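These protein sequence lines are chains A and B, in that order.
Take the first sequence: its letters are residues 1 to 191, numbered as in my numbering.
Take the second sequence: its letters are residues 192 to 442, numbered as in my numbering.
Among the clues, some could well be false.
One side only, chain B facing chain A, incomplete, derived with CB under 7 angstroms [unchecked claim]:
1) Leu207
2) Ala227
3) Gln231
4) Val232
5) Leu260
Just so you know, the hints here were simulated from the structure itself, not pulled from any lab data.
None of these values were measured; they are calculated from a predicted model.
All C-beta atoms in this analysis are idealised placements derived from N, C-alpha and C, irrespective of residue type, glycine included.
Below are the chains, spelled out letter by letter.
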Amino acid sequence: MTSPQHPGAGPSEAEVREIYERYGPVIYRRCRSILGTDEAAQDALQETFARVIRNWDSFRGESSPLTWMYRISTNWCLNQIRNRKGRQEKLHVHRQDVIGEGVTAPGDAAWETADVVRSLLADTDDETRQIVLYLYFDDLTQQECATLVGLSVPTVRKRLNQFLKRARRLIEDNPVPVALGVALLAWWVVR
Amino acid sequence: MADLFKPNDGSRPSGLALARMSTGETDRVEGEPLAAFEAQVADASEALPDFDFAILSAASHRVDDRDPLAPEPRAKITWWRSWVLIPTLSVALLFFMTIIPGPSLENRVKGPGDTDLSFYLLRRGRVLPGIERAPLRAGDRIQFTYRADRHETMVLINVDGTGAFTVFYPEVGQEPVAVLPQGRHVLEGSIEVDDAPGPESYVAVFGPGSVEGALELVQATFESGGHEALEALEETDPAVSVVVIEKKDAH
Chain A
1 MTSPQHPGAG PSEAEVREIY ERYGPVIYRR CRSILGTDEA AQDALQETFA RVIRNWDSFR
61 GESSPLTWMY RISTNWCLNQ IRNRKGRQEK LHVHRQDVIG EGVTAPGDAA WETADVVRSL
121 LADTDDETRQ IVLYLYFDDL TQQECATLVG LSVPTVRKRL NQFLKRARRL IEDNPVPVAL
181 GVALLAWWVV R
Chain B
192 MADLFKPNDG SRPSGLALAR MSTGETDRVE GEPLAAFEAQ VADASEALPD FDFAILSAAS
252 HRVDDRDPLA PEPRAKITWW RSWVLIPTLS VALLFFMTII PGPSLENRVK GPGDTDLSFY
312 LLRRGRVLPG IERAPLRAGD RIQFTYRADR HETMVLINVD GTGAFTVFYP EVGQEPVAVL
372 PQGRHVLEGS IEVDDAPGPE SYVAVFGPGS VEGALELVQA TFESGGHEAL EALEETDPAV
432 SVVVIEKKDA H
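Isolated chain A (complex conformation):
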């Protein structure tokens, strides 16, 4: 990756329009899927293209511009998930997809209080968060995921297994909601 370029040497309007029309819809669809709302997806799309313009030379040098944009939007979306108050709602909706069939989940009330998935993501390192996002939202194979994240396949598998192990443990030993509520209060103060 070359150094970021300043906008003075940036692209023309026609060049940006071309990539916007070509890649904008798929990037937008993906961001909406991850973030859950059109408003958030519009922000994500704008920020992604802002970085494309800012790093135009790097963008043009990529063999797969779309993959490069995926990675940029991934960073943005993960940051939004980490910082956004309402992120648990989106993940709550899809909790059964995350947990999978055949695993006993506690009642909805416990889920809403404990917010297991958000708790997991909040406690997870950046690499694992990326892995979970690529495997879950993009349905990437572990090999594709490893290439994008820059890790080995066994490492991706190990991180995923650790993530799922923690998910299962949290479901089975659902922590006392009150304590989590206090922790959430602390989180709310920080955000």
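Take the given structure of chain A and dock chain B to it, following the hints.
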């Protein structure tokens, strides 16, 4: 959305693969998955903002010069919030430790088990991300990065395609090398790939009692099932991380 317990094993195109087909980056493979994907894109496009170069250009001026692929930094905590945060966290912690029974606490405290060995590939002056099982050529150099997850020592052992074992770290002596216990770090020095036949496994054993003990573990595992057994060991032993490479044009 995918089911994380049933990861994509390659039997279906990933979302990225479909997106690349849909945008013309790769050849289209017509079928239900691509049709469904494009229907989703069409649906999403209804809310796609109209192209506005002025807005995007202005937004690009706000973007800093960090590598766009680097993770976004976490928000800083303002000083007055920290005064609220510290007592709040203290109360939460106290409550947690006194009220919550042991097993729940285990869920909250991250233990060892997140060790990792990865690598960069140095080829003809370029630095490339290391990809597991991607074929390497004689003359390529690999530089490892690691995450020791609180362990303070490590031994790195190579098992080549002929089943020969070589201890790379430490280079000499019988004491495991010291590593930094927190964060990801680059292992000093790089290793040149030779023309011996592949595959090769690089096995990092974190926190071993001795080099000899680590070597015995790796040898016993390899003898029980070769490189696949070493990869399996990584998934069962949290103190072990493995990188397997293939060789190209090896004699």
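Against the structure, the hints come out as follows:
no.: 1; hint: Leu207; verdict: 5 angstroms, holds
no.: 2; hint: Ala227; verdict: 12 angstroms, violated
no.: 3; hint: Gln231; verdict: 6 angstroms, holds
no.: 4; hint: Val232; verdict: 5 angstroms, holds
no.: 5; hint: Leu260; verdict: 5 angstroms, holds
Going down the numbered hints, you'll see the structure goes against just number 2.
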